[in-house]
Amino acid sequence: APHFEYGVAAYYLVLPAEASSNLAKFDSVRFGMRVSPRAGATVEDVMAATRDAGFGDEVKRRIILGTYALSAGYYDAYYGSAQKVRTLIQSDFDAAFERVDVIATPTAPTTAFRLGEKLDDPMQMYLNDVTTIPANLAGVPGISIPAGLAAEDGLPVGIQFLAPAREDARLYRVGAALEARLVDSWGGPLLDRAPVRGGAR
Numbered sequence: 009a010p011h012f013e014y015g016v017a018a019y020y021l022v023l024p025a026e027a028s029s030n031l032a033k034f035d036s037v038r039f040g041m042r043v044s045p046r047a048g049a050t051v052e053d054v055m056a057a058t059r060d061a062g063f064g065d066e067v068k069r070r071i072i073l074g075t076y077a078l079s080a081g082y083y084d085a086y087y088g089s090a091q092k093v094r095t096l097i098q099s100d101f102d103a104a105f106e107r108v109d110v111i112a113t114p115t116a117p118t119t120a121f122r123l124g125e126k127l128d129d130p131m132q133m134y135l136n137d138v139t140t141i142p143a144n145l146a147g148v149p150g151i152s153i154p155a156g157l158a159a160e161d162g163l164p165v166g167i168q169f170l171a172p173a174r175e176d177a178r179l180y181r182v183g184a185a186l187e188a189r190l191v192d193s194w195g196g197p198l199l200d201r202a203p204v205r206g207g208a209r
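Using the numbering used here, the letters of the sequence shown map in sequence onto residues 9 to 209.
No lab work stands behind these hints: they were computed from the structure. Heads up, the beta-carbon is just placed ideally off N, CA and C, and yes, glycines get one too. Any given hint could be a false lead.
Unchecked claim - Quick list of in silico lysine to any residue cross-link-like pairs, SDA-like style, CA-CA up to 25 Å: (1) K33 x L23; (2) K68 x I111; (3) K92 x G183; (4) K68 x F121.
What the hints assert, rightly or not - Estimated spans, in silico, between C-beta atoms of each pair: (5) V191 x D84: 47 to 53 Å; (6) A17 x D60: 26 to 32 Å; (7) D84 x S193: 50 to 56 Å; (8) V191 x T50: 55 to 61 Å; (9) A188 x P10: 32 to 38 Å; (10) G88 x P130: 38 to 44 Å; (11) Y76 x N144: 31 to 37 Å; (12) N30 x K92: 19 to 25 Å; (13) G195 x L123: 51 to 57 Å; (14) V191 x P45: 52 to 58 Å; (15) G195 x K33: 50 to 56 Å; (16) Q91 x A184: 31 to 37 Å; (17) P10 x E160: 50 to 56 Å.
With the hints as constraints, model all of the structure from the sequences given.
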């Protein structure tokens, strides 16, 4: 896929820009919850307190990035360029689906992180989306099926199937067929074979 390598960079400009635009309406006046910081607070004080209480760190990070990408002087350089990459990735998928019915990829490049392990490293978290982002940018449906356990750590790994736009039913058929074969070959659900970590399931 010629342009997939640019997917993460494009996605993390397009998504925050769209999130920033969409979340701007949650001003505590017309939409969303309202937090009153103190008696006599101005509308701006209420808005700031509401957004501070209502959005987590990652959402705030994305809103700031998106607002910057959409700001005057940066729109074409960042958001506009990312949208061009999105179009190229859509064209790559269109070309691929002229030759195949579905595309199979790993769902993620690694097994799951330990709980809380990567919270202080947003870039690591973003890079773990590398295999799912192209489909999200292109607007093609995807489904992830448990495919086995990693030899290194015994954690589950998934296989992702992608299909042309509006062909979700095709994915359900492919996913159901593979899952039935795998469960049959495993002698039961994958979870029954996964190691117990940190207590009972």
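Against the structure, the hints:
{"no.": "1", "hint": "K33 x L23", "result": "16 Å, holds"}
{"no.": "2", "hint": "K68 x I111", "result": "34 Å, violated"}
{"no.": "3", "hint": "K92 x G183", "result": "32 Å, violated"}
{"no.": "4", "hint": "K68 x F121", "result": "23 Å, holds"}
{"no.": "5", "hint": "V191 x D84: 47 to 53 Å", "result": "50 Å, holds"}
{"no.": "6", "hint": "A17 x D60: 26 to 32 Å", "result": "29 Å, holds"}
{"no.": "7", "hint": "D84 x S193: 50 to 56 Å", "result": "52 Å, holds"}
{"no.": "8", "hint": "V191 x T50: 55 to 61 Å", "result": "59 Å, holds"}
{"no.": "9", "hint": "A188 x P10: 32 to 38 Å", "result": "35 Å, holds"}
{"no.": "10", "hint": "G88 x P130: 38 to 44 Å", "result": "24 Å, violated"}
{"no.": "11", "hint": "Y76 x N144: 31 to 37 Å", "result": "21 Å, violated"}
{"no.": "12", "hint": "N30 x K92: 19 to 25 Å", "result": "21 Å, holds"}
{"no.": "13", "hint": "G195 x L123: 51 to 57 Å", "result": "29 Å, violated"}
{"no.": "14", "hint": "V191 x P45: 52 to 58 Å", "result": "54 Å, holds"}
{"no.": "15", "hint": "G195 x K33: 50 to 56 Å", "result": "52 Å, holds"}
{"no.": "16", "hint": "Q91 x A184: 31 to 37 Å", "result": "35 Å, holds"}
{"no.": "17", "hint": "P10 x E160: 50 to 56 Å", "result": "31 Å, violated"}
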